[in-house]
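*Asks:* This is what each chain is made of:
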Amino acid sequence: AQKVTQAQTEISVVEKEDVTLDCVYETRDTTYYLFWYKQPPSGELVFLIRRNSFDEQNEISGRYSWNFQKSTSSFNFTITASQVVDSAVYFCALSELGNNDMRFGAGTRLTVKP
Amino acid sequence: DAGVIQSPRHEVTEMGQEVTLRCKPISGHNSLFWYRQTMMRGLELLIYFNNNVPIDDSGMPEDRFSAKMPNASFSTLKIQPSEPRDSAVYFCASSFDGNEQFFGPGTRLTVL
Chain A
1 AQKVTQAQTE ISVVEKEDVT LDCVYETRDT TYYLFWYKQP PSGELVFLIR RNSFDEQNEI
61 SGRYSWNFQK STSSFNFTIT ASQVVDSAVY FCALSELGNN DMRFGAGTRL TVKP
Chain B
1 DAGVIQSPRH EVTEMGQEVT LRCKPISGHN SLFWYRQTMM RGLELLIYFN NNVPIDDSGM
61 PEDRFSAKMP NASFSTLKIQ PSEPRDSAVY FCASSFDGNE QFFGPGTRLT VL
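Just so you know, the protein sequences line up as chains A and B, in that order. Numbering-wise (the numbering used here), the first sequence opens with residue 1 and increments by one. Numbering-wise (the numbering used here), the second sequence opens with residue 1 and increments by one.
So that you can see chain A by itself, here it is in the shape it has in the complex (with noise of 0.2 Å):
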């Protein structure tokens, strides 16, 4: 059975400080996309990143950064020079190919003050 676990609960950060959020995977298939969702303070969740399990290539989004390693089974997340508005609740997600039934990890609360 998939899971996802974000050991972080909550994550306290001054403004402009880098932060990495983790996340670390469990599947038996070999084949399996993962996701990182943010949900901001007014409740939508926002979808960021998809990543399919074929392609371990860092993907780089302006201030957002991804490291997928499936050695180690873990999509960390980072964000670069943070900002105020950063501050949600971001979840990583696992689905196998072939299921919708997307799991998530429990979640991340991103605090950043000015």
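In short, the hints are calculated from the structure, not lab data. A portion of the hints provided could be inaccurate.
Pulled a few chain A residues facing chain B out of the computed Cβ check, cut under 7 Å [as the list claims (entries may be wrong)]:
#, residue
1, G43
2, E44
3, F47
4, N100
5, A106
The calculated label-pair distances, taken between Cβ atoms and stated as ranges, are [said to hold, decoys possible]:
#, chain 1, residue 1, chain 2, residue 2, range
6, A, V14, B, V53, 47 to 53 Å
7, A, D101, B, R9, 42 to 48 Å
8, B, P70, A, E59, 20 to 26 Å
9, B, S66, A, Y64, 35 to 41 Å
If you only want the chain B side, here are some residues facing chain A, beta carbon under 8 Å, derived [stated by the list, open to error]:
#, residue
10, L43
11, N51
12, I55
Every residue gets a Cβ at the ideal spot worked out from N, C-alpha and C, and that includes glycine.
Position chain B relative to chain A; hints supplied.
*Replies:* Here is chain B on its own, set in the frame of chain A:
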């Protein structure tokens, strides 16, 4: 482009009443998902539909919960009778062919 639309955004009801939550997925998406989010249990998948057919309802907590998708542009989640422990935020999401899911704004349900 309109995203996933959910109504109502907030619902306050009394224990024992019937509650119906509504969802309109993104046009062209063929999968629809209902989730529940609580502090204690996080985000839980309740049920999902593929091409309007329920595929997996193993997350539906009990018989008081039911979901329908009569057509590609509408789904309902019904709770009858409602109980205080059903209080949560209920999200609807849609996707196309197993790709990333896009979430609606959620319905915050309070059962007194």
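*Asks:* Note whether the CB distance of B:S66 and A:Y64 lies within 35 to 41 Å or breaks it.
*Replies:* holds (39 Å)
*Asks:* Please verify that hint: A:N100, Cβ, nearest Cβ of chain B, below 7 Å or not.
*Replies:* holds (5 Å)
*Asks:* Should the hint that A:G43 touches chain B count as held when the rule is a Cβ pair under 7 Å?
*Replies:* holds (6 Å)
*Asks:* Is the interface hint for A:A106 satisfied, with its Cβ closer than 7 Å to some Cβ of chain B?
*Replies:* At 5 Å from the nearest chain B Cβ, A:A106 passes the 7 Å test, so the hint holds.
*Asks:* Regarding A:D101 and B:R9, is the given constraint of 42 to 48 Å on their beta-carbon distance met?
*Replies:* The hint (42 to 48 Å, Cβ to Cβ) is violated, given that A:D101 and B:R9 are roughly 26 Å apart.
*Asks:* A:V14 and B:V53, beta-carbon distance inside 47 to 53 Å?
*Replies:* Given a distance of about 50 Å, which is inside 47 to 53 Å, the answer is holds.
*Asks:* Is the shortest C-beta separation between A:E44 and chain B less than 7 Å?
*Replies:* Where the cut-off is 7 Å and the nearest Cβ of chain B is about 5 Å from A:E44, the hint holds.
*Asks:* Tell me if B:I55 is really an interface residue toward chain A, meaning its C-beta lies closer than 8 Å to one of theirs.
*Replies:* holds (7 Å)
*Asks:* Identify whether the interface hint at B:L43 stands, where standing means a beta carbon of chain A within less than 8 Å of its own.
*Replies:* holds (4 Å)
*Asks:* Would you settle whether the hint for B:N51 is holds or violated, based on the nearest Cβ-Cβ distance to chain A being less than 8 Å?
*Replies:* Nearest chain A Cβ about 11 Å off; hint violated.
*Asks:* Given the hint of 20 to 26 Å, check if B:P70 and A:E59 actually sit that far apart at their C-beta atoms.
*Replies:* Check failed, 39 Å falls outside 20 to 26 Å.
*Asks:* Closer than 7 Å between Cβ atoms is the bar; does A:F47 clear it against chain B? Give me holds or violated.
*Replies:* Holds: closest Cβ of chain B sits about 5 Å from A:F47, inside 7 Å.
The structure shown violates the earlier hints numbered 7, 8, 11.
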